[in-house]
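Student: Take the given structure of chain A and dock chain B to it, following the hints.
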Amino acid sequence: MEDKSEEVKAQKATIVVQSGDMDKLYSALIIANGCLSMGMMVSMFFTFWGLLRLKKGGLEKAPLSKMHYLGLGKWMINRRMKSKNVRSLERLFQDYVDLGGKVLACDMTMEIMGVGPKDLREDLITEYCGVGTYVNEARYSSITLFI
Amino acid sequence: MAEIRIDVMGETCPVPLVEFRKALRKAQEGDVIEIVGTHPSSKKEIPMAVKAMGSELLDISEEGDAWKIRVRK
Numbered sequence: 001m002e003d004k005s006e007e008v009k010a011q012k013a014t015i016v017v018q019s020g021d022m023d024k025l026y027s028a029l030i031i032a033n034g035c036l037s038m039g040m041m042v043s044m045f046f047t048f049w050g051l052l053r054l055k056k057g058g059l060e061k062a063p064l065s066k067m068h069y070l071g072l073g074k075w076m077i078n079r080r081m082k083s084k085n086v087r088s089l090e091r092l093f094q095d096y097v098d099l100g101g102k103v104l105a106c107d108m109t110m111e112i113m114g115v116g117p118k119d120l121r122e123d124l125i126t127e128y129c130g131v132g133t134y135v136n137e138a139r140y141s142s143i144t145l146f147i
Numbered sequence: 001m002a003e004i005r006i007d008v009m010g011e012t013c014p015v016p017l018v019e020f021r022k023a024l025r026k027a028q029e030g031d032v033i034e035i036v037g038t039h040p041s042s043k044k045e046i047p048m049a050v051k052a053m054g055s056e057l058l059d060i061s062e063e064g065d066a067w068k069i070r071v072r073k
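Read top to bottom, the protein sequences are chains A and B. For reference, each letter of the first sequence is one residue, going 1 to 147 in my numbering. For reference, each letter of the second sequence is one residue, going 1 to 73 in my numbering.
Take the hints with a grain of salt, since some may be wrong.
Capping the alpha-carbon separation at 27 angstroms, the derived lysine-lysine pairs in DSS-like fashion look like this [claimed, not checked]:
1. 44(B) with 12(A)
2. 68(B) with 26(B)
3. 43(B) with 26(B)
4. 68(B) with 84(A)
5. 12(A) with 51(B)
6. 22(B) with 68(B)
7. 74(A) with 84(A)
8. 24(A) with 44(B)
9. 24(A) with 43(B)
10. 24(A) with 22(B)
11. 84(A) with 44(B)
12. 68(B) with 82(A)
13. 22(B) with 12(A)
14. 61(A) with 84(A)
15. 102(A) with 22(B)
Covered by chain B, per the in silico footprint, the following chain A stretches (three or more residues, Cβ under 8 angstroms) [unchecked claim]:
16. 35–47
17. 78–86
18. 91–99
Note that these hints are calculated values from the structure, not bench results. Just so you know, even glycine gets a beta-carbon here, dropped at the ideal spot from N, CA and C.
Only chain A is shown next, with the shape it has when bound in the complex:
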């Protein structure tokens, strides 16, 4: 089954996810899903605080970058989001993978933080790699973001 978009030499987006904050992960995943939906290819490179969100149960632990207020702010935002039918980070991540998005995990961060593949969401991760892989993805991308 051929997909026209893949024939039309899809353009590409590469997103570095350095932040582990919930609001920034939302920005990254919504943009990434938007790119895939509009027929682009996407790679997300998770490093530092972003990489920690790939730990098992990590997505739910993401704090708000502002007005977190020991979790109260996050609780309020989550409630608002639910009432407005906004999808969870978990669900958006699943959508991203289902649509063929690539998830690259920074292996140097894993070493620094003492995190092994077994600690991470291996079901989501495409590849463990370093800066070279990121550059090779980014150099052919028309959209590159650092979030």
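Tutor: Just chain B, lined up with the frame of chain A:
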């Protein structure tokens, strides 16, 4: 030629686009996809995606807050 229906009524960004894309990926050449929803921006963004992916926009209609878009892959 199958006809595929997707209902994203009440869903917000980026769900209508994402669900449309999933359906388009699964569809065979010539299949018709009909998507109904209420998210205002998606009414103009789904046609953008259709154009970007070289599919054929058949029809856009509205009824109150709801819109309906038909596309042939």
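Student: Hint by hint, note whether the structure agrees.
Tutor: Verification of the hints:
| no. | hint | result |
| --- | --- | --- |
| 1 | 44(B) with 12(A) | holds (22 angstroms) |
| 2 | 68(B) with 26(B) | holds (20 angstroms) |
| 3 | 43(B) with 26(B) | holds (21 angstroms) |
| 4 | 68(B) with 84(A) | holds (21 angstroms) |
| 5 | 12(A) with 51(B) | holds (17 angstroms) |
| 6 | 22(B) with 68(B) | holds (17 angstroms) |
| 7 | 74(A) with 84(A) | holds (15 angstroms) |
| 8 | 24(A) with 44(B) | holds (25 angstroms) |
| 9 | 24(A) with 43(B) | holds (26 angstroms) |
| 10 | 24(A) with 22(B) | holds (24 angstroms) |
| 11 | 84(A) with 44(B) | holds (20 angstroms) |
| 12 | 68(B) with 82(A) | holds (25 angstroms) |
| 13 | 22(B) with 12(A) | holds (18 angstroms) |
| 14 | 61(A) with 84(A) | holds (21 angstroms) |
| 15 | 102(A) with 22(B) | holds (16 angstroms) |
| 16 | 35–47 | holds (count 4) |
| 17 | 78–86 | holds (count 3) |
| 18 | 91–99 | holds (count 4) |
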